[in-house]
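Each chain sits in its own coordinate frame; assemble them with the hints.
If you want the building blocks of each chain, they are given just below.
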Amino acid sequence: MQPTENPSTVPHGAVPHGAVLEVREPVTLQSGETLQRSHIAYTTHGTLNAARTNAILVCHALTGDQYVTGRHPITGKAGWWETMVGPGAPLDTDTHFIICANVLGGCLGSTGPGSPHPETGEVYGLNFPLVTIADMVDMQRRLVDHLGIERLLAVVGGSMGGMQVLQWAARYPERVAAAIPIATSARHSSQNIAFHEVGRQAVMADPDWRSGRYMAEGTRPTKGLAVARMGAHITYMSDDALHRKFGRSLQDKNAISFGFDADFQIESYLRHQGMTFVDRFDANSYLYLTRAMDYFDLAADHDGKVANAFADTRTRFCVISFTSDWLFPTSESRALVHALNATTAKVSFVEVETDRGHDSFLLDEPELFAAVRAFLSSVVTLEGVSP
Amino acid sequence: MSVPLSRVDYAIIEHYVPQGARVLDVGCEDGNLLAFLEQKKAIDGRGLELSQANVNAAVARGLSVIQGDADTDLSTYPDGAFDVVILSQTLQATQAPRKVLEELLRIGKRVIVAIPNFGHWKARLHLLLRGEMPVTKSLPYSWYDTPNIHFCTLRDFVHLTEAVGATIEDSAALNAQGQRVALHAPWALWNLVGAQGIFVLRPGNGPDAQATS
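Residue numbers (this note's numbering), protein chains in the order written: chain S, 1 to 387; chain D, 1 to 213.
Simulated from the structure, these hints should not be mistaken for lab results. The model shown is predicted, which means the values in this text are computed figures rather than measured ones. Beta carbons: idealized from backbone N, C-alpha and C, even for Gly. Honestly, I wouldn't trust all of these hints.
Said to hold, decoys possible - DSSO-like, lysine-lysine: derived pairs with alpha carbons at most 27 Å apart:
| # | chain 1 | residue 1 | chain 2 | residue 2 |
| --- | --- | --- | --- | --- |
| 1 | S | Lys245 | S | Lys223 |
| 2 | S | Lys253 | S | Lys223 |
| 3 | S | Lys305 | D | Lys99 |
| 4 | D | Lys109 | S | Lys305 |
| 5 | D | Lys99 | D | Lys109 |
| 6 | D | Lys109 | D | Lys41 |
What the hints assert, rightly or not - FRET-style restraints, in silico, Cβ to Cβ:
| # | chain 1 | residue 1 | chain 2 | residue 2 | range |
| --- | --- | --- | --- | --- | --- |
| 7 | D | Ser51 | S | Gly304 | 29 to 39 Å |
| 8 | D | Asp69 | S | Ala51 | 36 to 46 Å |
| 9 | S | Trp326 | D | Pro18 | 38 to 48 Å |
| 10 | S | Ala194 | D | Asp69 | 23 to 33 Å |
| 11 | S | Gln30 | D | Gly80 | 28 to 38 Å |
| 12 | D | Gln39 | S | Ser386 | 15 to 25 Å |
| 13 | D | Ala11 | S | Trp326 | 41 to 51 Å |
Bound-form chain D, shown alone (with noise of 0.2 Å):
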C-alpha cells in the first residue's frame, strides 16, 4: 500500500531497535523489516498485516505474523508486551489513528512511527496549482482509491503525539529520495521538504520516557 522502506528508514529503525529485543511490526506486508532486524538484531519478531497474500508471503518465510487490522486488533496485546513496536506507512490508513497511536503506546516500549508528508511540497504545490489531490511518489493513488484515509503533515503527527501524550525520543524527515534531510534543520523546512518522517516515541512525559538504550 505504500512506498518501500528505504535503506535510510531501516537503518534509523535498526538504531533504535535493542538486540533480542521483542518486537511488534504493525502493517509488516511481507515482512521485509522484520526479516532484517531478525538478522542484524535477533529480535523476537511478530507482525499483524491485513493482507492475507502478504501474510502468507512472510509465514512462507518463517516469520511470526497474523492476519489483521490495526485498528481493531490492537486491542488484544497485553500492555507494554513489546520492547518496540514499529508502524511504517500505515497510520494513515487507519480509520482511527488516534486509537491506534494509544493502542501502540500502550502495547510498545518504543513505538516507532513512520508517515507519508501530506505537507511535502509537491503534495502542497500539486494542490495548489492544479487544485486537484495530490498523486506524488510517496502518495502514489488517487483520492478516490486511496487507502489512506486520514493524511496528514510532519507537523500534524507532532501535535497528534503531544495529543496523547508521548514522548518524541527522536525524529527524522527523508526526502524523496529516502535520504535524511539535514539534522538541524528547523521544522518549517522537514514539513515541506520531508516525503515522509520518523519519529521515535515513547509512551508518557516523565523523566523515564526520556531514558534512551
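If we strip away everything but chain S, and leave its shape as in the complex, we get (with noise of 0.2 Å):
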C-alpha cells in the first residue's frame, strides 16, 4: 500500500495515517455527486486466516479515526478503543483480523472537506460533496474488497460508528454474518439534529472559518470548533455522572470569582476538553459527519419501515445501548429490535446499566465487554472459523 501524503487534512502538517487505499475509479456519491480519486486511511490489527474469514470492521463514531488501537500519531494517546480491541480482548487481535478506516468525509487521510480537489488542487473546502452514512459504508466495502475479504465475521461500532454497522446489515447482508450496533439508533432523532445544528453554526460563527475556506486563507476555526465540540461533550455524559465527576466543586480556588472565569471545574474541563479536540481534528469534516449523521434514516430509504432494510437477513444482531446514554437512549435501540423481530432476524439486545452516559460505550463497562465477547464466540462457532 502506497501512503499518500496529504498533510492539508491534518492541523499539524503530515502523520502517519497507517495505510492508505487510493481508490482511482469514480464513486459515485448519494446526492449524486461523483468523487473522481478518493483515498481511504485505514488500519489493521492481528492476522487474517488462510480463508479469510475472522476480518471484523471496526467502525468510527463521529470524531474517532482509524487509529482504535495503538498509538494515535497526533495525540501520542492509546486508541479510542484500546478497552475492545486487542490481545485477549473482546474484538481478540490474537484470533481475529481487525480493520478500522477513516471515513469517507474525515480527516485524517481519507478524502475530505481537507482534501485537495484531484484536479484544480486547491482544498475542497465547502465545495466537497455532502457525504452519508450510506457513503461512509460504501468506501469501506471497497476497502474490504481490496482486502479480498469475502465476508466480513463482524462489524462494529458504536454511535456513528453503529449507523455504519446498521447500513452495511442493510446494504450488504451476504457480507455480514454478525452486526453489533452499540449506542445507535436507525434514524438519527430530531435533538439530535438539533444538537449538531448547534455545533456547526458555532463553528460557522468563528470569523476565521472564512465560510470554509480558512485553509485557503491561513486561518482555523478554533474557538469555534471548541465550542461546538464542549456543547457535543455535554450530551456524550450524564447529569448523575456529572455530577459524580464535578459537582459544584471549584477550580483552583476557596470561592468563586464574581467573574466569568471557569471558576467550576465543569467549565474547566470542558474548556480543555474544546481546546484539545480542535488540535485533532478539522472543523469543516466536524460539519460534514454531523450532517450525516443528521441524514441517515434507515426506514426513509426502504419504504418507511426500518425492518424492511433487514428482509430475510441471516446476519446476527447483537444491539447493546446503555441506560443513562440520553442522546441515544435505549428506546432507540429497542425500536430497532422490534423491526429486527419483524424480519425474525437473530437479535439478541442488552442493556447496559451505567451512569455514565452515551460515551459508555468507549469506556471500560464489563458488562458490554462480556457482551460483545461471548455473542462473538457464539458466532464464531456458528461460523466455523479457525484462526
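Dropping the structure here:
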C-alpha cells in the first residue's frame, strides 16, 4: 500500500495514516455527486486467516479515526477503543483481523473537505460534496474488497459507527455474518439534529472559519470548533456522571470569582475538552460528518419501515444500549430490535446499566465487554471460523 | 420469578419441538431451556425476557435473547414466525393473559404453555383453612409482592384455550415433585394434584390443527 501524503487534511502537518487505499475509479455518492479520485486511510490489527473468515470491521464514531488501538500519531495517546480491541480483548487481535478505516469526509487521511481537489489541487472546503453514512459504508466496502475479504465476521461500532454497522447489514447482508450496533439508532432524532446544528453554527460563527475557506486563507476556526465540541461533550455524558465527577466543585480556588473565569471544575474540564479537540480535528469535517449523521434514516431509504431494510437477513445482531445514554436512548435500540423481530432476524439485545451516558461505549464497561465477547464467540462457532 | 422447570417439563417440551425448529421462548430467564433445546434439537432459538440481568446472562451464553415484555413486545413478530413458541411460568405474570395467548397463537405454529396451578390441593387447602392467599413451593410469593397477577387453575386455562379457539394437542399435569400425573387421570384430579400444567396448543380448531409432527 502506498501511503499518500496529504498534509492539508491534518491540522499539524503530515502524520502517518497507517495504510491508505487510493480509489482510482469515480465514486458516485448518494447525493448524485461524483468523486473522481478518493482515498481511504485505515489500520489493521492481527492476522487475516488463510480462509479470510476472521475479519472484523470496526466503524468509528463522529470524532474517532482509524487508530482504534495503539498509539495515536497526533495525540500520542492510546487508541480510542483500546479496551475493546487488542490481544485477549473482546475484539481479540490474537484471533481476529481487525480493520478500522477513517470515514469518508473525515480528516485523518481519508478523502474529506480538507483534501485537495484532484484536478485543481485546491482544498475542497465547502465544495466537497455532502456525504452520507451509506457513502462511508460504500467506501469501506471498497476497502474490504481490496483486502480480498468476501464476508466479514462482524461489523462493530458505536454511535455514528453503529449507524455504519446498520447500513452495512442493510446494504450487504450476505457479507456481514454478525452486526454489533452499539448506542445507536436507525435514524438520527430531531433532538440530535438540533444539537448538531448548534455545533455547526458555532463553527460557522467563528470569523476564522471564512465560509469554509480557512485552509486557503491560513486561519483556523478553533474557537468555534471548541465551542461545538464543548456542547457536544455535554450530550455524551449523563447528569449523574457529571455531578459525580465534578459536582459544584471549584477549579483551583476557594471561592467564586464574581466573573466569567472558569470558576467551576466542569467549566475548566469542558474548555480543556474543546481546546484539545481542535488540535486533532478539522472544522469542516465536523460539519460534514454531523450532517451525515443527521441524514441517516434507514426507514426513509426503505419505504418507511426499518424492518424492510433487514428483510430476510441472515445476519446475527447484537444490539447494545446504555441506561443513562440520553443521546441515543435505549428506546431507540428497542425500536431497532422490534424492527428486527418483524423480520425474525436473530437478535440479542443487551442494555448495560451504567451512569456514564452515551460515552459508555468507549469506557471500561464489563457488561459491554462480556456481551460482545460471548456474542462473537457464538458467531465464531456458528460460522466455523478458525484463527 | 418461578419454580425451575423440572426434567419432566423439559422432556415434554423436547418431545414437541421438532429438530432444527425455529423457537421463541417467552420469559426465557437466563436461557436454560433454550440452551437445552439447542443442544438436543439444534433449534434456531430466540428468547424474550423481562429481567435485564437474565438477558445479559443469556447473551453471555451465546443465545439470541432480547429484553422485552410479553404484554407489549409479542406484537412485533410476524404471523407464524416460529415453529414453536414456549411460554413457561409466565402467563400468570402478564397484564392481559388472553391477549398474550392470542399473540402466541398468532406468531407460533405450535404453542407450549406451562403454568402453575392455583387449583392445586395445597393452594385450596391454604385458602380454605387459613383464610390466606396460598404461598406454596410452586407459588412462593405473598399476595402483596407477587409478580403473578393473573392466577388460574388448570381447568380455567382450558376454558381460555377454548375462548381463543386453540386446540389442545397434548397436556400434562405435574405434581409438586415435578412428576407427571397419570395420563388418564380425570381432569378433576389433575386440577387437584397438579402443581403445574403443561399444554401443547395449536392455533385454530380445524383438521390441520390436529396434525402432529
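Outcome of the hint check:
1. S:Lys245 x S:Lys223: 25 Å, holds
2. S:Lys253 x S:Lys223: 25 Å, holds
3. S:Lys305 x D:Lys99: 25 Å, holds
4. D:Lys109 x S:Lys305: Within the cut-off at roughly 26 Å; holds.
5. D:Lys99 x D:Lys109: Judged against 27 Å, a Cα distance of about 17 Å means the pair holds.
6. D:Lys109 x D:Lys41: Holds. Lys109 (chain D) to Lys41 (chain D) sits at ~17 Å (cutoff 27 Å).
7. D:Ser51 x S:Gly304: 29 to 39 Å: Given a distance of about 33 Å, which is inside 29 to 39 Å, the answer is holds.
8. D:Asp69 x S:Ala51: 36 to 46 Å: 42 Å, holds
9. S:Trp326 x D:Pro18: 38 to 48 Å: 45 Å, holds
10. S:Ala194 x D:Asp69: 23 to 33 Å: Holds, since Ala194 (chain S) and Asp69 (chain D) (Cβ atoms, about 31 Å apart) stay within the stated range.
11. S:Gln30 x D:Gly80: 28 to 38 Å: 36 Å Cβ-Cβ, so the 28 to 38 Å window holds.
12. D:Gln39 x S:Ser386: 15 to 25 Å: This hint holds: roughly 22 Å between Cβ atoms.
13. D:Ala11 x S:Trp326: 41 to 51 Å: 47 Å, holds
The structure fails none of the hints (numbered hints given earlier).
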